[in-house]
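The primary structure of each chain is shown beneath.
2 protein chains.
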Amino acid sequence: MKKIAICGYGNLGRGVELALGNCPDMELAGVFTRRDPKSVVTVTDVPKYRMEELPGFAGKIDAVILCGGSSTDLPVQTPKCAELFNVVDSFDTHARIPEHFANVDAAAKAHGTTALISGGWDPGLFSLMRVYGDAVLPNGGSYTFWGRGVSQGHSDAIRRIPGVVDARQYTVPIESALEQVRAGKQPDLTTRDKHLRECYVVAQEGADKAAIEETIKTMPNYFADYDTTVEFVTPEELKKNHSALPHGGMVFRTGKTGENNEHNQCIEYRLELDSNPEFTAGVLVALARAVCRLSERGEHGCKTIFDIAPADLSPLSREELRKQLL
Amino acid sequence: MKKIAICGYGNLGRGVELALGNCPDMELAGVFTRRDPKSVVTVTDVPKYRMEELPGFAGKIDAVILCGGSSTDLPVQTPKCAELFNVVDSFDTHARIPEHFANVDAAAKAHGTTALISGGWDPGLFSLMRVYGDAVLPNGGSYTFWGRGVSQGHSDAIRRIPGVVDARQYTVPIESALEQVRAGKQPDLTTRDKHLRECYVVAQEGADKAAIEETIKTMPNYFADYDTTVEFVTPEELKKNHSALPHGGMVFRTGKTGENNEHNQCIEYRLELDSNPEFTAGVLVALARAVCRLSERGEHGCKTIFDIAPADLSPLSREELRKQLL
Numbered sequence: 001m002k003k004i005a006i007c008g009y010g011n012l013g014r015g016v017e018l019a020l021g022n023c024p025d026m027e028l029a030g031v032f033t034r035r036d037p038k039s040v041v042t043v044t045d046v047p048k049y050r051m052e053e054l055p056g057f058a059g060k061i062d063a064v065i066l067c068g069g070s071s072t073d074l075p076v077q078t079p080k081c082a083e084l085f086n087v088v089d090s091f092d093t094h095a096r097i098p099e100h101f102a103n104v105d106a107a108a109k110a111h112g113t114t115a116l117i118s119g120g121w122d123p124g125l126f127s128l129m130r131v132y133g134d135a136v137l138p139n140g141g142s143y144t145f146w147g148r149g150v151s152q153g154h155s156d157a158i159r160r161i162p163g164v165v166d167a168r169q170y171t172v173p174i175e176s177a178l179e180q181v182r183a184g185k186q187p188d189l190t191t192r193d194k195h196l197r198e199c200y201v202v203a204q205e206g207a208d209k210a211a212i213e214e215t216i217k218t219m220p221n222y223f224a225d226y227d228t229t230v231e232f233v234t235p236e237e238l239k240k241n242h243s244a245l246p247h248g249g250m251v252f253r254t255g256k257t258g259e260n261n262e263h264n265q266c267i268e269y270r271l272e273l274d275s276n277p278e279f280t281a282g283v284l285v286a287l288a289r290a291v292c293r294l295s296e297r298g299e300h301g302c303k304t305i306f307d308i309a310p311a312d313l314s315p316l317s318r319e320e321l322r323k324q325l326l
Numbered sequence: 001m002k003k004i005a006i007c008g009y010g011n012l013g014r015g016v017e018l019a020l021g022n023c024p025d026m027e028l029a030g031v032f033t034r035r036d037p038k039s040v041v042t043v044t045d046v047p048k049y050r051m052e053e054l055p056g057f058a059g060k061i062d063a064v065i066l067c068g069g070s071s072t073d074l075p076v077q078t079p080k081c082a083e084l085f086n087v088v089d090s091f092d093t094h095a096r097i098p099e100h101f102a103n104v105d106a107a108a109k110a111h112g113t114t115a116l117i118s119g120g121w122d123p124g125l126f127s128l129m130r131v132y133g134d135a136v137l138p139n140g141g142s143y144t145f146w147g148r149g150v151s152q153g154h155s156d157a158i159r160r161i162p163g164v165v166d167a168r169q170y171t172v173p174i175e176s177a178l179e180q181v182r183a184g185k186q187p188d189l190t191t192r193d194k195h196l197r198e199c200y201v202v203a204q205e206g207a208d209k210a211a212i213e214e215t216i217k218t219m220p221n222y223f224a225d226y227d228t229t230v231e232f233v234t235p236e237e238l239k240k241n242h243s244a245l246p247h248g249g250m251v252f253r254t255g256k257t258g259e260n261n262e263h264n265q266c267i268e269y270r271l272e273l274d275s276n277p278e279f280t281a282g283v284l285v286a287l288a289r290a291v292c293r294l295s296e297r298g299e300h301g302c303k304t305i306f307d308i309a310p311a312d313l314s315p316l317s318r319e320e321l322r323k324q325l326l
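First to last, the protein sequences are chains A and B.
Quick note on numbering: my numbering labels position 209 of the first sequence as 209, and the sequence is numbered without any gaps.
Quick note on numbering: my numbering labels position 14 of the second sequence as 14, and the sequence is numbered without any gaps.
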């Protein structure tokens, strides 16, 4: 049984706790938190510790799954933690991946540990589909769509507008764009062509709703480049209809083959997730299994999902995999 | 530039020839055939040799892609060829994979070569999706559907019936089954629930069409367990409407997560291929790239797609992959 620690207990940490319950070969050794451990309510009866206690567990934990945020937590925590433990994170700031990789790689190589960064579904499984698609259909194009699903970052951006009490934002792929891609047309799609943004907003009593709507729709980076809809709802409606965290999306690779490029070939990978954090957690736990195996084989340093042979993610042996799933 | 040889030049061999044209890092060194090389018409101007000349190229070819059939060619050719070359095949008799693997592994290990068996899309990319799905959603079920597409084996079976001149058989997934799976119901589906078989048959003049239809529909293994439709067409209609080789299919993994299994999670991977052999060839060529790399690193013996880190399939470096596709 591999001993796994969770570092940071929010939606993702809770998802990892649940995911480990479905793994016959891993067990949860403890939850490490910056809060008062007594105040953290876990699903199962599991030891809870202060974050500062983690170094004392060196040598007693096979892998730490870091469940903090990408903006400020992981850039610090992952390299630091990799000095003592095998680690897995879900770092998802795409532009900063090379820098994060270099930092974690240096720490892991210096200390003989194995680290995996940017696990989850995007980056993660979607990235895999981009690599496989690109490799098998080189004469083609790749398209990634997200949603219909809740974007936490966009919801937060709305909440920061004066007069807004709460908000939930859905990213929605545009059907006509999907149709063009599926038909193998390899269209050039702008940001606005690919996704809509649907906002559900609870305003303070007496707030200027027209002004809030205008502020949302013209917000640079977040909404200005999209067709955005804003609907004002009551706190009760928001809670009743918009408290889940569904997400998903699609990766397409379409390409041409044949002597005269006469054949269309289309690969579509689609996720429809009732719970984004619980699904992400399932990926992180499978990656933790792989990290433990790489570490045992002496394969140290920082890895990504691109470096992991699929067999290393599975609890089955390679012989079982060939017999049952090939 | 890696030098690749094609062994066997039918639809698949031709597909490999075309696929290599899209690879900046590989070139076609020659086509080896059991026919008279002069009689083989290739797409490009490439050297053609008798199969018996292949051993003379030992040391001059980086990988051989074997494009023969799974019933009698590959069980003999792949282990034999692995004594002298790195090899890739598309062995697709699922039940005999463990035996084929053992034979090829013994040859490759004894001679210090690297072999990859059962490449393509099923076995191949579909197998990968079964492994990834099973690993990230352990509390769930997997479903594979094939089609709509031409089954060569079933078409051949119809052609062997007395009174039949030619035939084409399509495997068609049943929409209601797909819907149940997508909805996360994890249904128990029989063979008949999952696929229909559509047959287009050219009969000899004066043949007993009712008898042919009955023979098809009751044929054990091939049709008896399915709902099968039979339509008689003219040779011209068959040529006009049914001479392409489209195929495809879907792999689903659906699973439950959450404290009370309250969340459905659905992964769907779908292929829609205008040309089955050309797409399969694209996968084999990417696998040949990986085999060359494994061989250079001294990783000998028989592998499957489960053993290949995704990065090894790509012409891009790991650094480029992290930056561009993660």
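No lab work stands behind these hints, which were simulated from the structure alone.
Among the clues, some could well be false.
You can't tell identical chains apart in this list, so a pair holds if it fits in one copy or across any two.
For lysine-lysine, the following DSBU-like pairs were computed, each having C-alpha atoms within a straight-line distance of at most 30 Å [claimed, not checked]:
1) Lys209 <-> Lys2
2) Lys185 <-> Lys209
3) Lys323 <-> Lys38
4) Lys60 <-> Lys185
5) Lys323 <-> Lys239
6) Lys256 <-> Lys323
7) Lys323 <-> Lys240
8) Lys240 <-> Lys2
9) Lys48 <-> Lys185
10) Lys38 <-> Lys60
Small disclaimer: the values here were computed from a predicted structure and weren't measured.
What hint numbers does the structure not satisfy?
Violated: hints 1, 2, 3, 4, 5, 7, 8 and 9.
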